[in-house]
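With the hints as constraints, model all of the structure from the sequences given.
Chains A and B, in that order, are what the protein sequence lines are.
Mapped onto our numbering, the consecutive letters of the first sequence carry residue numbers -13 to 558.
Mapped onto our numbering, the consecutive letters of the second sequence carry residue numbers -5 to 81.
One thing to keep in mind: the hints can contain errors.
[To be verified] Simulated pairs of lysine-lysine, DSS-like, Cα-Cα distance not exceeding 30 Å:
#	chain 1	residue 1	chain 2	residue 2
1	A	K165	A	K116
2	A	K32	A	K165
3	B	K64	A	K397
4	A	K32	A	K90
5	B	K(-3)	B	K68
6	A	K397	A	K416
7	A	K32	A	K149
8	A	K397	A	K340
9	B	K68	A	K165
10	B	K64	A	K340
11	A	K134	A	K147
12	A	K393	B	K68
13	A	K165	A	K90
14	A	K165	B	K66
15	A	K32	A	K416
These aren't lab readings, by the way, just hints derived from the structure by calculation.
Since this is a predicted model, take the numbers as computed values, not measurements.
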Amino acid sequence: MRILLMGSPNVGKSAIFSRLTGTHVVASNYSGTTVEFTSGNLRLEKETAEIIDVPGSYTLEPTNAAEAVAVEMLKEGDIIINVLDATNLERNLNLTLQLLQTGKPMVVALNMWDEALEHGIDIDTDELEKQLGVPVVPTCAISGEGVKLLTERLGDAATIKPKTEPEDIWHRVGEIIDKVQHIEHRHPTAGQMLSHATVHPVIGPFIAAVVLFLSFAFVAYIGDWLHEEVMEEIFEFVWEPVTGWISAALGGEGFFHSVLIGELIEGEIDMNESFGLLTTGLFIPIAVILPFIFCFYFILSLLEDIGYLPRLGVLIDTLMHRMGLHGLSIVPMMLGLGCNVPGAMAGRILETRKERFIALTLVSICVPCMAQLAMVAGLLGEAGIIGLAVLFFTLVILWIALGISMKFLLKGETPEILVDIPPYRLPYWKSLLKKVYMRMMGFIREALPYVLLGVFAVQLLYTLGVIDLLDRFFTAPAQMLFGLPGEAVGPLLVGFLRKDVAVGMLAPLGLELRQLIVASVILVIYFPCAATFVVLFKEMGLRDLLKATAVMIVVVLVTGTGLNAILRIAGL
Amino acid sequence: MYKTLAELEKGEVGEVVGFDSGHMPCRRLESMGVRQGKTVTRVSSQLMGGPITISVDGRQTAMGRGIASKVKVKLLERENSGRMSQN
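The following block contains the structure:
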């Protein structure tokens, strides 16, 4: 049996999902699309049912790819659990009535029941049940209240196919509301006042700056602490001895030794620089990057669940329109900071081809992923704040300039923002952690194979002498344009596979600060890593991908040359 | 007095009387609670032609000014909270 969890965005659907399912939850893409959904198992009395958290949708008349998937998935379900926001019944009933029309057995969960009571909203659930003809269960996903009853009443799921014409749905919604809902006026709560302040045209941006600063500080400090005090220790005391035995068993040299362990630095294994699959190949993704990824996704998911992101979208809308995008494009950008792969996937929330092209190109050029940031911060951070400051300043300027240019050069429309701003809510920790966990797993799945492949390729290409050959070939242009030595060409090439690995290769070259900055900037902005490229191809199609690639080549040549010249003049 | 939603001043309250065009954004507006007969309050607006925020049934929605200018409203008294509670 397959149960579909359906409802509008921001009704607490995912929290209900977390309550209903056990620990085994998987995220997958809907076939032929990049729209992701999560599914898990729900143990009922007689059987175990598959339960799917369908992407949120306001109506069954889709306006973007995610909503279209919701409609498609509807065909494959046996029972619908329609999750409604009790504080917002009227708006939600439109979808409920549309779902009833499909003739599928259905149960209604009236979620956020506690919040509705708090707001002075009184809903007669018995009457609502009578009006709709299907079971109605008040729930509060955060406390878990009503969730058990919801599963018990799945057996009563009824099939009603009312003869409401699509034009009459709103009329019918009005009728139902009159019969079941009574609202007592309450004064604005503290939450509502905070809500007003965060979209205030003057105070709002100020709050946003503080929120973003604190978020990055959290990622930088806690991430660094986890990296240095926890993961590095674990590697030093647990993993290093193991690799030491393997190294000794392999005799300390030879082909297998260079592939698995890498080069010994002064007779010892150096997790950062040895470059074997079992040393640097595991150390970079797990000990260096994962702590930052965890912190980043924790903060991002928290901001998401509290309900801050739509407000950020509203605040930044004006700037984004100058770049041919609207405010909600901040979502792919923010996700891209974690990993460009989900960032590029999130482009599907944008409606037009022009928007998607601009957003995806900007994500892949100007938004460094956390893996890269963690490595670059380690590399540039040694020389103080100046290197990182130049890097970020360059990226922001480039982001804006490139956005503005693409807006004028590309044909097509940019629709205006239209977004529901949910009230601030305390996150439900279990569904928050589940989300963080799934995003981390996503990173490991996307990144680990490529990191290992990257490290392997480095060893192979060095052994075969290919890197030396390319170095010699590209030394002149690299030196002339970017002021980089020939040895930096190898890392730049590896950057195509994995940028974090490439940054790791720059470390032992002993570059000057100017060269480090230029190399880091080039690594960030030129082609995204292989995994992102695959997603770009799926999202954009070949033609737009070729166009985006052309943009990338021009941008990297201009920026690399320009930055090198400017830094030289500045005396670095 | 009639205005469009975009022309509503901060704190002003209006009743939605209709849409300028029956196009997609309007369908979407309807499903987000902005419909004929609804009482809307202008909450705030971003500077330099940025989006405006309105409140319907105690719930906030933000939209670009182009969309807002397609929604016609009848001006009601300011901050008429008694009326809002009926919806």
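Check each numbered hint from earlier against the structure, then list the numbers of those it violates in ascending order. 2, 6, 7 and 12
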